[in-house]
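Asker: Protein chains in written order, with the numbering used here: chain A, 1 to 294; chain B, 1001 to 1346.
What the hints contain is simulated information worked out from the structure, not anything from laboratory work. Everything numeric in this text was worked out from a predicted model, so none of it was measured. Using N, Cα and C, we set each Cβ at its ideal position, and we do this for glycine too. Honestly, I wouldn't trust all of these hints.
[To be verified] Footprint (simulated), chain A over chain B, 3 or more residues, beta carbon under 8 Å:
#1 1008 to 1014
#2 1165 to 1175
#3 1250 to 1260
#4 1280 to 1289
[Unchecked claim] Partial chain B-side listing against chain A, Cβ under 8 Å, derived:
#5 T1098
#6 V1099
#7 I1141
#8 M1144
Residues per chain, in single letters:
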Amino acid sequence: MFASTLLEGIGFGLVAAAVIALGAVGLSLQLSVTNYINFAFGDLMSLGAYFVITFNLGLHMNFYLAALLGAVALGIVFVVMNIFVLRPFVRSGARVFTLLVVTIGVSFIVQNGTLLIWGPGAYQYTVNVGDAMHIGPFVLTPGDLIIIVIAFALLLGLQLFLQFTKLGKALRATSNNVDLAMASGINTDLVVNVTWAISGIFAAVAGVALAVEQNNLRPLQGFNQLLVIFAAIILGGIGRQMGALLGALVIGIATAVTGLFLPSGYDFLVGFVILILVLLLRPQGILAGREVVD
Amino acid sequence: MIYFLLDLAVLGTVTAIMMVGLDLQYGTTGMIDFTYYSFVAIGAYMTAVTTMGHPPAGFNAGPLAEQYILQWSLPWPIGILIGGFTAAALGLIVVLVTVRRLRSDYLAIVTIAVGYIVYTIANNVIPLFDGANGLFDVPQIAQMPTEPYATLLTGISLVALAACVFVSYRIVHSPAGRVLRTIREDIIVARTFGKNVQLAQVVIFVISSFMAGIAGGLLIVYVGAWSPLAFTPTESFLLIAALVIGGTGNYWGAILGAFVILEGLAEFTRLLPQSIAATAAGPLRAMLIGAGLILFLRFRPQGILPETLLKFYPRRAAMPSSEPPVGVIPGDSPGDSPGAAPSAKS
């Protein structure tokens, strides 16, 4: 009895981990290239999910087409945000500290802008997640499976892009050392923009997957998820895609399994407690990353 | 109208106390604390439970009865001090967890996580501070009508504000203050010069958490109630934004930010037509502050009232320091601090 409950918990954890991983990899990729954290990421995730709501409910598009368009739209928003808001700061030599506060300003604007446009109510996509069924030891809905498959496909695609394309290599080079990449003739401005676009696409998919997993889309949903994403990234070691994935798995499964035993309301605290423990015991993350000092 | 102004005076002064504390850690030392308002909340809660006594018997009995720990009936100044010390103790724990890491964004993330933990505990553990219902009917420090009471509290808050400004002034204008600004400008330089960066960060974080706790205590004896809804992460972000716009690194900027950006704008939105104010005032105000934050950081990073230390440095360099060190940072000797090359870019 206990074992089967535990396995069910791990099943829910896998879905949660897929949702966290989408956000964590999107945020971590941008962080590793630009070297500053985007605190607006959670609110932008929600913005992407709201875009999809408008395409899906307002314009009566098919859910998957709407999600695709939403991801592209949010990718564009990310690039525009980089060019008009963040890049001027980077060019003027602003420090990580300042950029952090700038992204907080962006978060304010996006969070309250979505609240003004879409209101405080909850939305649901016109997608049927199906009924829960037993798959091996797990109890999952077809919607959950689709989330896991899409997350896996996107992460695999990103990994292939980074490993085997010229642009992907340029991106890794820029992430490693901007000056050296520039000196080697890499158009780092283009690389940074591509990074933001990828980050935006992942953010939109993560926001939509989160709304599907939690059955509706509410204000502050993305903002609250942001902290879980941070926990996953720090757990895996800042600046490592595989680390972010591993961190997402640990946080997702730990949250879901302990959620079976803890009263509701406490479950998402587990991620933060893990985060603080990791900072105390192994601050470089599970997979030791390179030391970055600002 | 008189009440309107008095309300603004109390809230503005109390917010100014928070901002002076925040300015010590953010503006002077360059530490980002995204859950500063949680320390305000701790101060408010502790002040309430140490001064309220037992909940009235028979009143709202049964499941609606207020539940909270301690139930002491101490005099209000001691209650507020306990609030301050509890906030300082929590601040010590938080900063000890994070201070071993150099990256400033680690502190930022951990403070958010701590904020959520404090919020969730206050919201769910009902015997502690009455859970989501929050504490209410916190007694006034003196029985009197609203307007004289607001005047009295303005006076008390002004005294507390003056004390905080004095402490902040003594720290900032001492050799230790130069170390703090060096940490803000370049933490590696501060370490290279043999300064004990971690000790400085811990001390400043604890002092400013104490100020937040005091402000929380004053706030709750004025408004008389407190619940988890009062300290969402947005409150801390708003404080930082108001500080950046008002001017970092000096308490006049902090005070201006408190009165004009936070309380002034909030009171102003009340004057909007009811139909707009009900739904859109809050988000519009936050968007305005967000846009202001970005524009100020881009075009006037020193804020409306800039840090004025710069112009004193040539004179200070010419004559020996007449000011004794405040002794916050052991091992600091006057005159050799590289903090004399500030650029107010934070």
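Asker: Which numbered conditions among the earlier hints are violated in the structure presented, ordered from lowest to highest?
Answerer: Violated: hints 1, 2, 3, 6, 7 and 8.
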